[in-house]
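S.K.: For reference, the chains in residue letters:
2 protein chains.
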Amino acid sequence: MTAHVFDQAIALQTLGEGRYRGTTSPAYANMVGPFGGVTAATALNAVLQHPALLGEPVALTVNFAAALADGPFTVTARPVRTNRSTQHWVMEITQPDAQGAEAAVLTATAVTAARRETWGTDDATMPAVPAPEAVGRPNMVALVEWVRRYDIRIAEGAIPTAWDGGGDASRTTLWVREEPARALDFASLTAMADVFFPRVWLRRATRVPAGTVSMTVYFHAGAAQLADTGTGWLLGQAQAQGFRNGFFDQAAQVWNQAGALLATTHQVVYYKE
Amino acid sequence: MTAHVFDQAIALQTLGEGRYRGTTSPAYANMVGPFGGVTAATALNAVLQHPALLGEPVALTVNFAAALADGPFTVTARPVRTNRSTQHWVMEITQPDAQGAEAAVLTATAVTAARRETWGTDDATMPAVPAPEAVGRPNMVALVEWVRRYDIRIAEGAIPTAWDGGGDASRTTLWVREEPARALDFASLTAMADVFFPRVWLRRATRVPAGTVSMTVYFHAGAAQLADTGTGWLLGQAQAQGFRNGFFDQAAQVWNQAGALLATTHQVVYYKE
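Chains as they are written, first to last, in the working numbering: chain A, -5 to 267; chain B, -5 to 267.
The reader is advised that the hints may include incorrect statements.
Intra- or inter-copy, both count: the list cannot distinguish identical chains.
Restricting the straight-line Cα-Cα distance to at most 25 Å, the calculated cross-link-like pairs of lysine to aspartate or glutamate (DMTMM-like) are [claimed, not checked]: (1) Lys266 to Glu173; (2) Lys266 to Asp116; (3) Lys266 to Asp117; (4) Lys266 to Asp158.
Treat the hints as calculated values from the structure; they're not laboratory data.
Whenever a hint applies, use it, and build me the whole structure from the sequences.
M.R.: Below, the structure is given as structure tokens:
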């Protein structure tokens, strides 16, 4: 049996304690280098594969320090503090720079924790949108290769069809699942948290160069709830809050089709002009 | 002239390249250890004081790995990647553990960048609330010392006066400024991004132990805009999105009184039961 293309993309070969070798996947190619969501998932995967891991991911922050060059890279994951029920991680992805020295292309931190039963509720409830089958496809132009790895149905805030500078809102609500189907886990949820196109394109109806600088994911769901979600649709909603001086932010939520909030995620994105 | 108590609290003595010594301030004491906002500001201050600094803060993530003990601590700040207009930082705060070895109590990353003129707009507009003078004070019980360092006027979502389990919403909107007055800068904005009491207290009208695990701040304002804001009031709005398995998140925005969005901020918080 051949591994799913996503599992191939985030696969890591152990080089030593907390040191791994990965390789960019042409299946997830972006404009320059790979889809950032897969790079973020790969950084998290180094934590998930680490023999010292305690619990499950609760928070992940990745900072994209430089464009990842196509080819091999090194991932390090280091548990810097292990408490009774939480653990703190520092990760890094490096590639040789022009002088051949290993240089950081991604810095990251994560918090993992043993989940336990407590009181709980979702304050951010799933917005009412038409079912994915009713939205239909395709409605997202495959500008780049990685987009073909997902079935994306945009219910609100589609990529503008006319780049006429006429935008007035920055919210997108979309259904997403992997194609071919793959059961949801922390790695794939991380990648899908980055599936939204740049808010600045929507808000301005103008295609300017843009790239994520820093991204954070808070995992509200545990492994069991992700497994229950399985290969089902996820609903994601993303909205910018501010655009200024070459950076905008995005706040987003991800639910499963049953309406459970699986993750909340934020990013700050560079844009030109 | 004596330095402002906030400047004293975040003060760092240089030990070497990117290594600093700080000391917790009794003026910002929390239930256990210091107010996390000041600790986050101190980590950022190590970047701001670093001789290699390029530009201004755009993103900051701090992870609270262990309770900071009252007394001295070491801060390290390392620029791991410097590009043409952005720079990526990894920071750490350590204290001796039970065995006397330096152990991480905080991990952090930051992105700094040279801000430049671009198109911009605020999508998150300031909510309409009564002026701070109309809200009046005090309406936040000074449970802990650090609260006395701020003038906080809660316009919506005050700390429950009856802990009767009757809560039904998790949003707080408040005015805040430092007391005594101090001109706004990146460090104080960082601290004030953490000024909201735990959302779980409001949502459940139940006081359970709670503590921030990870916090991110995106700075939409540059130094000039912060200086323009000066000693004026800030308006902050914070809301939880999900509570489950011992962790909840908080999404918040901070504006100046003129209505400019200065920062957006998120955190994930541990809670008991």
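S.K.: With reference to the structure, classify each hint as holding or not holding.
M.R.: Taking the hints in turn, this is what the structure says about them:
no., hint, result
1, Lys266 to Glu173, "neither (32 Å within a copy, 39 Å between copies)"
2, Lys266 to Asp116, "between (36 Å within a copy, 17 Å between copies)"
3, Lys266 to Asp117, "between (35 Å within a copy, 18 Å between copies)"
4, Lys266 to Asp158, "within (17 Å within a copy, 51 Å between copies)"
The earlier numbered hint that this structure contradicts is number 1, and it is the only one.
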